[in-house]
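K.L.:
This is what each chain is made of:
4 protein chains.
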Amino acid sequence: CPSNGTGGVGAEVLHALLTDLTKVNNSRERASRLFQWLICPNQDKTFFRDCWEKKPLLIRRQNPDYYQGLFSTAEFDRILRTDDVQYGVNLDVTSYTNGKRETHNPPGRALPYTVWDFYESGCSLRMLNPQAFSSTVWNVLSILQEKFGSMAGANVYLTPAGTQGFAPHYDDIEAFIVQLEGKKHWRVYNPRSKDEALPLVPSPNFSQAEIGKPILDVVLEAGDLLYLPRGFIHQGDCLPDAHSLHITISSFQRNSWGDLLLKVMPAALEMAMEEDVEFRKGLPIDYLTFMGVQNSDKEDPRRDTFVSHVEGLIKKLMSYAPVDAAVDQKAREFLHDCLPPALSEEEKSSSVYGASARWEDGEAVDVAVRMKGQTKIRLIRAGVARLCSDGEAVHLYYTTENSRVYHKEEPKSIEIKAEHTDAVEFLIHNYPKFVAVASLPCDSAEDKVSLAELLFEKGIIHTSEPLTTK
Amino acid sequence: CPSNGTGGVGAEVLHALLTDLTKVNNSRERASRLFQWLICPNQDKTFFRDCWEKKPLLIRRQNPDYYQGLFSTAEFDRILRTDDVQYGVNLDVTSYTNGKRETHNPPGRALPYTVWDFYESGCSLRMLNPQAFSSTVWNVLSILQEKFGSMAGANVYLTPAGTQGFAPHYDDIEAFIVQLEGKKHWRVYNPRSKDEALPLVPSPNFSQAEIGKPILDVVLEAGDLLYLPRGFIHQGDCLPDAHSLHITISSFQRNSWGDLLLKVMPAALEMAMEEDVEFRKGLPIDYLTFMGVQNSDKEDPRRDTFVSHVEGLIKKLMSYAPVDAAVDQKAREFLHDCLPPALSEEEKSSSVYGASARWEDGEAVDVAVRMKGQTKIRLIRAGVARLCSDGEAVHLYYTTENSRVYHKEEPKSIEIKAEHTDAVEFLIHNYPKFVAVASLPCDSAEDKVSLAELLFEKGIIHTSEPLTTK
Amino acid sequence: CPSNGTGGVGAEVLHALLTDLTKVNNSRERASRLFQWLICPNQDKTFFRDCWEKKPLLIRRQNPDYYQGLFSTAEFDRILRTDDVQYGVNLDVTSYTNGKRETHNPPGRALPYTVWDFYESGCSLRMLNPQAFSSTVWNVLSILQEKFGSMAGANVYLTPAGTQGFAPHYDDIEAFIVQLEGKKHWRVYNPRSKDEALPLVPSPNFSQAEIGKPILDVVLEAGDLLYLPRGFIHQGDCLPDAHSLHITISSFQRNSWGDLLLKVMPAALEMAMEEDVEFRKGLPIDYLTFMGVQNSDKEDPRRDTFVSHVEGLIKKLMSYAPVDAAVDQKAREFLHDCLPPALSEEEKSSSVYGASARWEDGEAVDVAVRMKGQTKIRLIRAGVARLCSDGEAVHLYYTTENSRVYHKEEPKSIEIKAEHTDAVEFLIHNYPKFVAVASLPCDSAEDKVSLAELLFEKGIIHTSEPLTTK
Amino acid sequence: CPSNGTGGVGAEVLHALLTDLTKVNNSRERASRLFQWLICPNQDKTFFRDCWEKKPLLIRRQNPDYYQGLFSTAEFDRILRTDDVQYGVNLDVTSYTNGKRETHNPPGRALPYTVWDFYESGCSLRMLNPQAFSSTVWNVLSILQEKFGSMAGANVYLTPAGTQGFAPHYDDIEAFIVQLEGKKHWRVYNPRSKDEALPLVPSPNFSQAEIGKPILDVVLEAGDLLYLPRGFIHQGDCLPDAHSLHITISSFQRNSWGDLLLKVMPAALEMAMEEDVEFRKGLPIDYLTFMGVQNSDKEDPRRDTFVSHVEGLIKKLMSYAPVDAAVDQKAREFLHDCLPPALSEEEKSSSVYGASARWEDGEAVDVAVRMKGQTKIRLIRAGVARLCSDGEAVHLYYTTENSRVYHKEEPKSIEIKAEHTDAVEFLIHNYPKFVAVASLPCDSAEDKVSLAELLFEKGIIHTSEPLTTK
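For the protein sequence lines, the chains are Z, E, P and D, in the order given. Under my numbering, the first residue of the first sequence carries the number 76, and numbering increases by one thereafter. Under my numbering, the first residue of the second sequence carries the number 76, and numbering increases by one thereafter. Under my numbering, the first residue of the third sequence carries the number 76, and numbering increases by one thereafter. Under my numbering, the first residue of the fourth sequence carries the number 76, and numbering increases by one thereafter.
The set of hints was computed from the structure by calculation and includes no laboratory data. Any given hint could turn out to be false.
Identical chains blur together in the list; that is why a pair holds if it fits in one copy or across any two.
Taking lysine to aspartate or glutamate pairs in the EDC-like style, the calculated list, with each CA pair at most 16 Å apart, reads [to be verified]:
| hint | residue 1 | residue 2 |
| --- | --- | --- |
| 1 | Lys356 | Asp125 |
| 2 | Lys338 | Asp152 |
| 3 | Lys423 | Glu521 |
| 4 | Lys269 | Glu350 |
| 5 | Lys338 | Glu386 |
| 6 | Lys288 | Glu353 |
| 7 | Lys356 | Asp246 |
| 8 | Lys269 | Glu349 |
| 9 | Lys390 | Asp119 |
| 10 | Lys130 | Asp246 |
| 11 | Lys258 | Asp334 |
| 12 | Lys338 | Glu408 |
| 13 | Lys447 | Glu528 |
| 14 | Lys129 | Glu177 |
| 15 | Lys451 | Glu422 |
| 16 | Lys391 | Glu350 |
| 17 | Lys356 | Glu271 |
| 18 | Lys269 | Glu353 |
| 19 | Lys129 | Asp270 |
All figures in this text were calculated on a predicted structure; none of them were measured in a lab.
Take the sequences, apply the hints, and build the full model.
P.N.:
This is the structure we're talking about:
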């Protein structure tokens, strides 16, 4: 684990790590290293083998500065002052007293004047998407989403000493509870039954009587981490002597095999009905006389035959399952969920965001600086774009025009003409290598440049060197 | 086949047959006999084995009166005069000349003054739901729907001599073309490809060049029948010397195994995701890097593993397939599609429609005539009602309050309380036997009578004898 | 008043009157005579001067048969048996006991078996649109609507002896309570305040304490009539010795000057804003500082100036009021509300409904019988059609394709080309005179015939003699 | 007019003026002074008497720096780089060449790389709401809206030398064209007809042939102003030797007497129909026989009587016109349209935005600093809030939570309890005076403080001194 040296300040460690990461060539490698930092000293491989979706993991560091720089209450206060934080949208005020969970959001903007008043009177504060307000949280999550292959989100929780803000419950996401300031007392409980293991929807609030005995009862201190698979019930409260600030990083909401099958099955059945006459043949004319709930107690051999036939057809569906197309549906949704990449200065300067075209001394200058055959390009991040077919047309979906506010923008894509798909695939598969525009497999030099221009203008690719007039 | 004897008039034959059928105790048996009359001299069993959904069947009778009484152009004229027939809703005016198919419907009501003018100028007339206007057609279809276990519909076609009203096409239903008057020249063609066999949607109009050579080229005369499975292309035109009137009886629209699977699969997947954690486990965190269309050409062993896993889950879905519940969904739709039963005088007099309660001499009389323990009851028709569970409540769906106009009424059902379901099943499974109200498996005598009253009031059951005051 | 002579049966009197009316040349004259019969021996002129919208009128006849034939409980029973009467749609079952008003409608069809059971247990029955089931009621209302220039509707009320079905209330329509059978005790009360005089919405149910003392306390007997202007509170109950059947004929719902102004004012303002710059000039830039509720207590001369200016503009609106166009909007709604005309045999035979085109002996005959220049035509009823302009196009709205069920059909109209409007006006203004097709002010003989054909096909006009081939 | 002295830099002048304005006690006075600066050396009074809504006004200054600091192309470039400017939403790329007007917006974000490329190729750039991106424009408009009593908006136009970006047209707003950089040649034309004077909707693009001869043909230079009333057609193009940057400040869209009547009239009619029986009386039963378009040529004295009656009722409407309530409807819409106030540092520090409650050294501090009886308060701006009644409840509408993006937020209001309305009116009418919380006309000291707290928390009021703990 990276250490903050002797007398070093924590924020500098995370800052240094994030700066180091900008020098890592491949964004997937960056994501792995950042995740490694999160769960250090555990290894990625053992974590995914032993804990992920299986059991809680507690990491105690005795290093209160380990996560420093990620977020702080000072940052919280600054955001309230500077940004348009709305009660109920960006911030929840909650309490859990004598077994009763309440929300106290007034309407309108959350300003320090009212927020700190709630806090002083014992309410917990939950900031709902700190990534919209904090560049560091945005940066961290936008990197981690490439690790998970699923949206990475976050909430921040600030709890006064001696209080509890939420009732016992379980979530529908994999949760990394990162203790940032103070201390928090956590109790964790096993899923109550097999049916509540790895749930796809969050639980209601539980009473203490419903949840049994904790399997874990710990006090998290600043620098510690607690990982909880979805379905594990948990509750946290502050000791009388310290407030608590933590951020929960989450992922894998509705990202199960079943969720994929929800895309696969309707498409498989549609295809089977089109291509296989067995699916179009009529039902037996008398099937209503022996099938259906009113006949389910009947001993009738025709019932077995009927059910077997249905099962045979389900089995046949396997051969019509359009798995890649269904994955593309999931991928499209993922790219819509994604945060836009938080670009480094170098990435900016080599992309459209840093292009030198500008207004200067009463005229537009450096307007002629554009793509050429020898310009070397690549995707700006491995996961920034994806080629998907919906059967008729091919689109390149991309994340660069997404908002830091979840789904504020519609899904973004550009239609890729048939003669350009090879070139786009070429770019995708060559990542992280830069390739010359001239090497794109297009018919004409003009096509190569115009495709490269299009992708550059959308921020999807950058160049090996900032574009110049030469 | 029933014959119309010496000098008998056709209409009397069908009339006699329908009267005879009212004496058949079991409505399913009635349906079989009427279907037998339709396809006579072919046997039910051989027909379904050799022709149904497989190949056309031509029956020539040399008996122009065989189907007489079912419908006639005189009836057509009477309906125009008496009923509110609307162009475009109940009647289409069409032509097919020099390869061009046209519809000539004006807005508003179709009266003889304009309809016969269209006919005289060479247009074909298609009446879209004669069952709404003709009691005989209603009666015949309401009986046949019990044979098919799927809605039976009909269109009537009147074509002037020397003309053709429709372009070559295929339908999405099993069709029985019944020649009623005059003659019609038919050409029938094989489905153009495997994908068009037993289609689930009708074809567009074809040009002559698209359909190949006919496999059948015949002239239907009054009394003849031509059965066509869906997917077989056909066109009919009138010879210069005779007009044609035929009725096409149809069934099995969207009644395929695939249509059942459209109900089964979403429910199976929902259940599997609830009950089996394998379906809730997360996808591999790196699956987007090797799956999806942009990776479909990659040789990557992880692709095979991934697809195998999906296939394994599909196979597992078989054990979660709620076949009976899915059949009930189909059944509910069928009962909504159904015509209401066309009751015989005897059925009327022993049901709520014939109850003697009435206004007479300034007062309501016979109001006290109601169900008693010894009253014997049964369903008024085998297919008139069906018990279906939607998981939470149990409903009895029924057809008696349907309209003769397709889907004019909402689906009709009554919720059956848990303590009454056994009694309703008892009634259903005892059909065609009458059972005493007292024998219903309910807790109290009061329950038995109130359930019987409820079913009687909806017309779902009738009594062995008309209710009397005694 | 027409008498039913010695030993005559009442129904024959109304029947004879209606038959006589078919011989009256002008449908407006027919409407006046039928209304005269209704209120006889009062004169039309004095009734509208002294009672209409002013005060109740009681007519006692001592002639129980006077209204016989209009409707009866026997007819009620027949309708239940024959027609599809739905609880809640066509029939309400109500009671008013111990000051509590209840509705007892079950779902579904109302059959004698259940209806008479409700009646026997003391419930009142209200049939909501008897005109859909009774040809006589239809005929009477379709004639009266031409008298009122506003939709004429009806409800039928059957009440068991010794009961009351409804709470005290007032209606939003002019009501003619026609006692058909038995007796009913009525109490009528003045409107409770000036604001409830001639109300535009019906009242809620009142308690006895809210309505004061009756101004009228009478027992209506068969043959009697009670007219109530809207706003007069009333309640009726049956004496212990007799049931009651009455029909309430109603009109003038939302037919006030204010309702017309609701059409006039938006159009007037739109026109003024287009044509008069005074309406487009800007408001004073400081008007918000002295106008508005928060400034309404200020003494500020600018307030008076402002209000005066608004009043001046309102006054100016008078000169932009498109009264005729607004009347046309009302007329369009009236024609949509109207019952279709109930045609006499003679009207039928001289209109499209009686045209001789028909199917006979295997062919369409009399198809060539059509309009000629010398054919004499007129509107089939004065109020059957109306020419309205919506500013852009001119449409002829008509009632012949309306349904006997209120608003079951969309408003019916045909666009009248500019070159045909004079001819249509010519027809309208010449009613009740017949005019030759050749005399229509159209450009060409062809135009005259095609316009006449169009109107004839819609049933809007009829001919002086049934069309023949000659 | 304020001058920029010897060697002064323009931006400093505007900056100094805006700083001076923060010291003006009354925001309405501030608005007047800023407007005076805009039209200087013309006087406010003469401008509104002679030019406003009447005729164009040209002001030549020979002082290119007069408006400096309001906006610049450098600012334009900075915004493109920093903010999320979307083509089609915030920026339009247009051209007008050879009489053809085109828009060239691609989808997505507008970055300098593409924007300056369009500009270089001869396109004009229109930034649609610079107030969302420029604090100075926001500040200026938020002050001016108090002058106009109607929303003040702005567009910025950048045009390359030798080009024209827009076709001749007129607008539906009062326009102040402020030349910021370079020069622009303008031609102005009279409204084409009386009907196009002070129009309520903008014109389509005109061809040169449709607009006649200009009444004004000038070259605006930096520092000049051209005022155009709505309806005056105009077109501007750049001379070959200079680009042009101007900002158009606009107001008075749909702010006419007619627009007020659109609120007044429906309410007046509704009230009249409720309170005056003359409006509820029925129409003459025969009115359809002499009124309506089909009777409009008839000479019938009843027509005159009818029209006179309608006119009499319209006249009566005057006495029911709820002018103040209608003004409140307009005011509510205005407050929704308004920009939020751009607060000075002093305003911030004395309002909720500057409250000292904050997070410091691990705890919330200064939370106890709140309103007291002796705290002196007033509205933060005259126009920041308005008390409106909708007949049932009284609401205080306010602008402080509006967005700088038009209508991004819903209308903001708080319901004012009956016992607090006097206190709110007291505050409104005392502006710009500060009043002690204790002096508010409320029943209890607690009420006074809680009302003041509420208004303070919404940013509607500020205090005479920043709140302190003392």
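K.L.:
Evaluate lysine 356 and aspartate 125 at a C-alpha cut-off of 16 Å and name the case that applies: within, between, both or neither.
P.N.:
Classified as between: cross-chain Cα gap 14 Å, same-chain 49 Å, threshold 16 Å.
K.L.:
Go through the copies and call it for lysine 130 and aspartate 246: within, between, both or neither, with a Cα cutoff of 16 Å.
P.N.:
within (14 Å within a copy, 58 Å between copies)
K.L.:
Should lysine 129 paired with glutamate 177 be assigned to within, between, both, or neither, using CA atoms and 16 Å as the limit?
P.N.:
neither (31 Å within a copy, 60 Å between copies)
K.L.:
Under a CA distance limit of 16 Å, which applies to lysine 451 and glutamate 422: within one copy, between copies, both, or neither?
P.N.:
Within one copy only: 14 Å inside, 53 Å across.
K.L.:
Have a look at lysine 269 and glutamate 349 and pick one of within, between, both or neither, based on CA distance no larger than 16 Å.
P.N.:
between (39 Å within a copy, 10 Å between copies)
K.L.:
Is the C-alpha distance from lysine 269 to glutamate 350 at most 16 Å within one copy, between copies, in both cases, or in neither?
P.N.:
The answer is between: 8 Å across copies meets 16 Å, while 39 Å in one copy does not.
K.L.:
Treating 16 Å as the Cα threshold, decide for lysine 269 and glutamate 353: within, between, both or neither.
P.N.:
This pair counts as between: shortest inter-copy Cα distance 11 Å, intra-copy 37 Å.
K.L.:
Checking an output row: lysine 356 and aspartate 246, CA cutoff 16 Å. Within, between, both or neither?
P.N.:
Result: close only across copies, 15 Å inter versus 45 Å intra.
K.L.:
State whether the alpha carbon distance between lysine 288 and glutamate 353 is at most 16 Å within one copy, between copies, both, or neither.
P.N.:
Answer is neither; intra-copy 54 Å and inter-copy 26 Å both fail.
K.L.:
For lysine 390 and aspartate 119, with the copy left unspecified, which applies at a CA distance of at most 16 Å: within, between, both, or neither?
P.N.:
neither (37 Å within a copy, 32 Å between copies)
K.L.:
Quick one: lysine 129 to aspartate 270, C-alpha cut-off 16 Å, is that within a copy, between copies, both, or neither?
P.N.:
within (14 Å within a copy, 47 Å between copies)
K.L.:
One pair to classify: lysine 338 and glutamate 408, alpha carbons no more than 16 Å apart. Within, between, both, or neither?
P.N.:
within (11 Å within a copy, 26 Å between copies)
Hint compliance for this structure: hints 2, 3, 6, 9, 11, 14 are broken, all remaining hints hold.
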